[in-house]
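Got chain A; can you put chain B on it based on the hints?
Protein sequence lines, in the order shown, are assigned to chains A and B.
Position 107 (the first sequence) corresponds to 260 in the numbering used here; numbering is contiguous.
Position 278 (the second sequence) corresponds to 288 in the numbering used here; numbering is contiguous.
It is worth saying that the hints were derived from the structure and are not from the lab.
The structure presented is a predicted model; accordingly, all values stated were derived computationally and were not measured.
The beta-carbon is built from N, C-alpha and C at its ideal position, and this holds for glycine as well.
Some hints could be false.
[Claimed, not checked] Derived lysine-lysine pairs resembling BS3-like cross-links, with alpha carbons at most 30 Å apart:
1. B:Lys107 to A:Lys459
2. A:Lys466 to A:Lys429
3. B:Lys161 to A:Lys497
4. B:Lys55 to A:Lys493
5. B:Lys126 to B:Lys174
6. B:Lys53 to A:Lys457
7. B:Lys85 to A:Lys466
8. A:Lys235 to A:Lys246
9. B:Lys333 to A:Lys466
[What the hints assert, rightly or not] A few chain A positions that, by computed beta-carbon distances, are all more than 12 Å from chain B:
10. Gly183
11. Asn261
12. Val271
13. Gly274
14. Glu303
15. Ile506
Residue strings, one per chain:
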Amino acid sequence: MIGVPVLKIENLRTYFYSSSKQAFSRAVDGVNLALEKGETLGIVGESGSGKSVTALSVMGLVTAEPGVITGNIGLKTDGVQKNLLQDIEDYVKITNENGRTVEVSKDNPGWQRHIDRVLRGVRGKEISMIFQNPKLSMNPFSSVGKQIKEAIMLNTSINNAQEARERTLYWLEQVKIDSPRLRYDNNPYGLSGGMCQRAMIAMALSSEPSVLIADEPTTGLDATIQSKIVSLLEELKSSVGVTTLLISHDIDVIKTLSDRVSVMYGGRVLESGPSKEILSAAHNDKHPYTAALLASIPTARQIKAKSYLQAIKGDVLDTINLPSGCLFYARCHQVTEQIKMQCKHQEPELREISSNHNVRCWRFFNA
Amino acid sequence: MTDTILEVQNLKKHYNQNGGLFSAFKGKENVIPAVDDVSFYIKEKETMGLVGETGCGKTTIGRTLLKLIPATSGKIIFNGTDITHLSAAQFRPFRKKIQMIFQDLDAALNPKMRIKAILQEALTVHCRLSDAEIDHRISELLEMVNLKKSKLSNFPNELSGGEKRRVGIARTLAVGARFIVADEPTSALDVSIQAQVVNLLRDLQKELRLSYLFISHDLRVVELVSHKVAVMYLGQIVEMGLAGRIANAPRHPYTAVLWSSLVDKKSDESIKNEGNPNEGQWGVFDFERPNVGCRFAPRCPVYHAKNRPTICTDPATSPQLQKIDDAHQVRCHFPL
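So here's chain A without its partners, still in its complex pose (with noise of 0.2 Å):
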């Protein structure tokens, strides 16, 4: 699938302004995605590296200040070509001293009536989005069933209630929910957590959107239900072929549906690829933090053996001090002598290391 990408992140940064510690939070610093069509593409990382954000600024749904800075968000759909991000130069203006952002200043309120006029009929149209926590982003005082024909309505062309409704009835039978009928007049709360989830799922793909941002779909479900959710996921990823940016902390999910994979850290990616040679332990050849991610899972072999898992040591980058060498140094346990100096001073670039394979490690370049 070689093409323009329907979905082209370039370049993004999002940053929040903390008023007690008088400095910039990098959620976002810099990211740089590609989505082509068809594909899922997953991000992976731990809390606060900013897979969130990301999600959230391309939906232009940051409403802290600063908020999002800088960027291109290229959106190609029936071969209109579109900038979610247009002329936000007019609003920013970004004091740099020694290649670093000390001050930023933004008209916010212009901004935001500017950024939902650009994405007016993009939001919940082209792009549509499934939330963390299914319960808390329904209306709970308005059935589910109207909900989702209320999206239907506002997003696609038809217009007649009753067809609406049957349309609504359609998208509750695709995401399997049983006895459509009767759970259209459930009120969310009245929904089990894997059926509000469900819900929200056909309420995305209701208005048959371009690409779907999916964040953290499964968290917080049982595990009969996540693996429920996740096959319902698969399941329509091959009938309705959506495009699909899959945010996960949960890296067994991720390997089951993406099919590329991107790892944040500290509001950059460090390794992006085919997750087939990134997500699997025999591919040697990964970025440090990838590769300790993957060993603090526990394995058949350590539960048998009720060993000790391999945590990451220290905690989650602190995104307002970020250190001037590569982000992951302080936790690295692959840094070898002859590097050291490079990791700690310098930061290495996204760089191939094979077809497709991009990490951010000085240990791929010194060879």
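The following block gives chain B in isolation, referenced to the frame of chain A:
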């Protein structure tokens, strides 16, 4: 060395659901058996895992053990003393020994208190200590749970998930707990942080001779940390035994379904049609389904494979928890 620290006998916790203002006229009271006839014991330095789907009563058991909610009937024996009917004042000395790590630490840690104050409160509420002693004890605790001293002046919302979890653990250790109910200690944590917390809990167990009731729905973690595992379904324990046995040679159909639903196992074995024909039947109590016979029967693959034998649904022959092996009990007429 291996003394029983906690024993639970026929514990029941039934919630009454009143139908609102005019419920008295309805005549019928709905009772939800959240915990129904549960018995188990935990020895010193032992971890018992408790697994099951949402709404099966795992957390209710944990809360009843701490007497945060009163038990309907049954006995809870801690260290030889029956604590079921103790008054709040009589129970106070036991509070120090039995502690809980709460699931939602955003809710469990006071957002307006600094971490130091949170830990200090836990210490001073049970014993009088001088300031110097408190400082000493707090620094000891921090060392135990690997938390940086600089975090003491922070508020809970400034900490990451793993750090909050550690404050929660430190707080239970502050009073010198012997038995800890860990309610989903690793849910909502990343795998890397989860590994740290799991390792920490196991280290502490070795050092301080702690016993845990480890409530979780993450089966792999439970299997890793627990010595024995109890599987719950709709308020009842359906299978109990050594962790390795439960995971690798389950005898109850529900346990088998549960373990086969692990995402990675499934993709390995590529079982598309798992033994769960009734998708709509969730593991939550339902008034419309009569509470007779085997509670798992409507979802049970064995029940359907055997052409729905009446023994499974007949109230007179509802299955009992039976010993089928040394330290392995199953509640099923047709164990696998």
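**Structure-inconsistent hints, enumerated in ascending order** = 4, 7 and 9
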